[in-house]
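Asker: Go ahead and model the full structure; you've got the sequences and the hints to work with.
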Amino acid sequence: MTKIDLDQLTIVSAQQALRRGDWSALELTEAYLTRIADRDPELHAYLEVFADAKTQAQVADRRFKEGTAEPLTGIPLAIKDNILIKDRVASAASKMLENYRAVYDATVIDKLKKQGAVFLGRTNMDEFAMGGSTENSAYGPTKNPVDETRVSGGSSGGSAAAVAAGLALAALGSDTGGSIRQPAAFCGTVGFKPTYGAVSRYGLMSMASSLDQIGPLARTVADAEAVFAAIRGRDPFDATSFDFAVSRSKPKKSIKIGVPESFLGQGGIDKEVLDNFSVTLDKLKEQGVEAVKVDLPSLKYALASYYVLMPAEVSANLARFDGMRYGAKVAGADLLGDYLQTRGQKFGSEVRRRIMLGTYVLSAGYYDAYYRQADRVRELIRLDYATAFGQVDLIATPTTPTPAFALGEKIADPLQMYLEDIFTVPINLAGLPGLSVPSGQGSTGLPLGLQLVAPWREDDFLLRVGKMVEECQA
Amino acid sequence: MLERQDIDHLAALSRLDIAPEERDRLRVDLEAILGYVSELSRAVLPADLAADKRPADFPHRNALRPDREPLPGGENTAAILSQAPAMKDNYLVVKKILDN
Numbered sequence: 011m012t013k014i015d016l017d018q019l020t021i022v023s024a025q026q027a028l029r030r031g032d033w034s035a036l037e038l039t040e041a042y043l044t045r046i047a048d049r050d051p052e053l054h055a056y057l058e059v060f061a062d063a064k065t066q067a068q069v070a071d072r073r074f075k076e077g078t079a080e081p082l083t084g085i086p087l088a089i090k091d092n093i094l095i096k097d098r099v100a101s102a103a104s105k106m107l108e109n110y111r112a113v114y115d116a117t118v119i120d121k122l123k124k125q126g127a128v129f130l131g132r133t134n135m136d137e138f139a140m141g142g143s144t145e146n147s148a149y150g151p152t153k154n155p156v157d158e159t160r161v162s163g164g165s166s167g168g169s170a171a172a173v174a175a176g177l178a179l180a181a182l183g184s185d186t187g188g189s190i191r192q193p194a195a196f197c198g199t200v201g202f203k204p205t206y207g208a209v210s211r212y213g214l215m216s217m218a219s220s221l222d223q224i225g226p227l228a229r230t231v232a233d234a235e236a237v238f239a240a241i242r243g244r245d246p247f248d249a250t251s252f253d254f255a256v257s258r259s260k261p262k263k264s265i266k267i268g269v270p271e272s273f274l275g276q277g278g279i280d281k282e283v284l285d286n287f288s289v290t291l292d293k294l295k296e297q298g299v300e301a302v303k304v305d306l307p308s309l310k311y312a313l314a315s316y317y318v319l320m321p322a323e324v325s326a327n328l329a330r331f332d333g334m335r336y337g338a339k340v341a342g343a344d345l346l347g348d349y350l351q352t353r354g355q356k357f358g359s360e361v362r363r364r365i366m367l368g369t370y371v372l373s374a375g376y377y378d379a380y381y382r383q384a385d386r387v388r389e390l391i392r393l394d395y396a397t398a399f400g401q402v403d404l405i406a407t408p409t410t411p412t413p414a415f416a417l418g419e420k421i422a423d424p425l426q427m428y429l430e431d432i433f434t435v436p437i438n439l440a441g442l443p444g445l446s447v448p449s450g451q452g453s454t455g456l457p458l459g460l461q462l463v464a465p466w467r468e469d470d471f472l473l474r475v476g477k478m479v480e481e482c483q484a
Numbered sequence: 060m061l062e063r064q065d066i067d068h069l070a071a072l073s074r075l076d077i078a079p080e081e082r083d084r085l086r087v088d089l090e091a092i093l094g095y096v097s098e099l100s101r102a103v104l105p106a107d108l109a110a111d112k113r114p115a116d117f118p119h120r121n122a123l124r125p126d127r128e129p130l131p132g133g134e135n136t137a138a139i140l141s142q143a144p145a146m147k148d149n150y151l152v153v154k155k156i157l158d159n
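Protein chains in written order, with my numbering: chain A, 11 to 484; chain B, 60 to 159.
Simulated from the structure, these hints should not be mistaken for laboratory data.
The structure presented is a predicted model; accordingly, all values stated were derived computationally and were not measured.
Glycine is no exception: its CB is placed at the ideal position from the N, C-alpha and C atoms.
Treat the hints with caution; some may be incorrect.
[As the list claims (entries may be wrong)] The calculated DSSO-like cross-link candidates involving lysine-lysine, where the alpha carbons are at most 30 Å apart (straight line), are:
#, chain 1, residue 1, chain 2, residue 2
1, B, LYS147, A, LYS356
2, A, LYS266, A, LYS295
3, A, LYS339, B, LYS155
4, A, LYS105, B, LYS147
5, A, LYS105, B, LYS154
6, B, LYS147, A, LYS339
7, B, LYS155, A, LYS356
8, B, LYS154, A, LYS339
9, B, LYS154, A, LYS121
10, A, LYS477, A, LYS123
11, A, LYS121, A, LYS96
12, A, LYS303, A, LYS266
13, A, LYS293, A, LYS303
14, B, LYS155, A, LYS105
[As the list claims (entries may be wrong)] Label-pair restraints from in silico Cβ distances:
#, chain 1, residue 1, chain 2, residue 2, range
15, B, PRO79, A, PRO51, 36 to 44 Å
16, B, GLN142, A, VAL289, 45 to 53 Å
17, A, ASP62, B, ASP158, 49 to 57 Å
18, B, VAL153, A, GLN68, 40 to 48 Å
19, A, ALA379, B, GLU62, 13 to 21 Å
20, B, GLY132, A, LEU346, 27 to 35 Å
21, A, ASP62, B, ALA143, 22 to 30 Å
Answerer: Written out as structure tokens, the structure is:
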């Protein structure tokens, strides 16, 4: 058997090796399980490593023998803990669902199973996907593989750390306000949030339904594209999902990237982040890309709009956890007591905070000032993007205003934590596709990411330009 | 300004039992967050702001599934009910709502 180099491996190269018979899917999965046993006790990227991973790999090996292998057959993946896999625990890193077993497969899981992908385990996250550091997990945080004193980002921090440390070849995450792109940037991997509706959310635990989207975290843009190709498409179980044709291809010389300079100049963004951003842009210009200034005047209200709309939807979506139908139950004195005790004790503090915030902004007397105003500002933001995309093909910003921060640094101050989402949130509000590509390191040696944003349904074009960013890093 | 009793009221509306020592902390946090999001009131909204100005390829729309059974009736019923914290004779057990 040829040696498997997990630090160099990609989905594309693993596929070729599996087809050539350099090694089997079982040997590949065993290599990952060995690496997980070695590194995960320290990193805590996984909440559970599946005991039957090797059995899944053996099934994949049979498909190679039979000649029925597909692009992801035998590829070891990690799955965020809020995506349902039938008969397995899906806890969303919450005590509320500690013992909950999924009754059905999420559509993305169904598609990956049909391809013969191998699920290594379920990854750690902020409870119910609420947070930017995985410190809100009820099972302890995931550490950043690059510097274990720092956070992995969140909420898909376990998925990002697993990919970055070579504990999975790629992973699924979910992104409501940056939960794929921000941890990808912090850990030095690729993170992709497709156009709203490009991927079915059936079987994804709902957080804020007008914003949630499933997407891949991977080592390369080509790998993210391979996972996206497998999971995208219309699904009758998610009415917002749709099919769209592979988008336009544009010759490299004429790509125009918009830079929202006034938004970048608002303050609160680390100098090393801004420096890295302009160096990356310069490299792209050498490739023939044109960078022009764009004005998105409503973007400055995006974070405020998000932190009204998102908790409002959270408060409604999480009302289903009542201690009656599924999940944990803590008995109170009467029926109301059952609700109060179950929800009060089994939800963590950030989840409780967001439910209360959402309840507040939706309550009589405050609805117009908060929810309605935020919704109208969201419309303004969408129109800003529509106008900007009349002038440019893509919009670029840093993915995050800082590199990965220290564990414990922001956990006591929720507003500081929320400000980390400043660049990622507007894309969810507008429903656009967004991609974070590693853009090297800042002066502190920590990974940084470049965020590219394309018009609606231009996901393929976005991925193509993402590959150019990778090339100019090399 | 949020008062202590506002937090109590919000917790009750949210169906959350909040420990007394956590309430002051929540009051401070929620006040800071509400203070931040209040900048929304400064956004100038055009009088003609309407969804019909959206580009044609815009993905957010009011999407409803067809009004018929998406799955064969009863397909997952047993598996779903097996997750309930308490069952009796095919019913979910809940406490009495009305006293006699």
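Asker: Does each hint hold? Answer for all of them.
Answerer: Hints versus structure:
Only pairs whose Cα atoms come within 30 Å are accepted, and LYS147 of chain B paired with LYS356 of chain A is accepted, the gap being roughly 24 Å. Between LYS266 of chain A and LYS295 of chain A, the direct Cα distance comes to roughly 10 Å. Compliance with the 30 Å bound is thereby established for this hinted pair. A C-alpha spacing of about 16 Å is found between LYS339 of chain A and LYS155 of chain B, which places the hinted pair at or below 30 Å, so the restraint holds. Proposed proximity of LYS105 of chain A and LYS147 of chain B is supported: the alpha carbons are some 25 Å apart, at most 30 Å.
For the suggested pair LYS105 of chain A and LYS154 of chain B, the alpha carbons sit about 23 Å apart, so the restraint of at most 30 Å is met. In summary, the hint linking LYS147 of chain B to LYS339 of chain A is supported, as the alpha carbons are separated by about 16 Å, within the 30 Å threshold. Restraint check for LYS155 of chain B and LYS356 of chain A: the C-alpha separation of about 23 Å stays at or below 30 Å, so the hint holds. As the CA atoms of LYS154 of chain B and LYS339 of chain A are separated by approximately 13 Å, the hinted pair is consistent with the 30 Å bound.
A distance of roughly 41 Å separates the Cα atoms of LYS154 of chain B and LYS121 of chain A; the hinted pair therefore is violated under the 30 Å criterion. Taking the CA atoms of LYS477 of chain A and LYS123 of chain A, the gap is about 27 Å. The hint holds against a cut of 30 Å. Between the alpha carbons of LYS121 of chain A and LYS96 of chain A the distance comes to roughly 13 Å, so the proposed pair stays at or under 30 Å and holds. About 10 Å separates the Cα atoms of LYS303 of chain A and LYS266 of chain A, which keeps this hinted pair within 30 Å; it holds.
Under the criterion of a C-alpha separation no larger than 30 Å, the hint pairing LYS293 of chain A with LYS303 of chain A is consistent with the structure, at around 17 Å. As the CA atoms of LYS155 of chain B and LYS105 of chain A are separated by approximately 26 Å, the hinted pair is consistent with the 30 Å bound. A hinted range of 36 to 44 Å holds for the C-beta pair PRO79 of chain B and PRO51 of chain A, which are about 38 Å apart. GLN142 of chain B and VAL289 of chain A have their C-beta atoms about 52 Å apart, which keeps the hinted 45 to 53 Å range intact.
A hinted range of 49 to 57 Å for the beta carbons of ASP62 of chain A and ASP158 of chain B is consistent with their spacing of about 51 Å. Judged by the Cβ atoms, the range 40 to 48 Å given for VAL153 of chain B and GLN68 of chain A holds: they are separated by roughly 45 Å. Between ALA379 of chain A and GLU62 of chain B the beta carbon distance is about 18 Å. The supplied range of 13 to 21 Å therefore holds. One distance hint, 27 to 35 Å for the beta-carbon pair GLY132 of chain B and LEU346 of chain A, holds here, with the actual separation near 33 Å.
At about 27 Å, the CB distance of ASP62 of chain A to ALA143 of chain B agrees with the hint of 22 to 30 Å.
Checked against the numbered hints above, the structure violates only hint 9.
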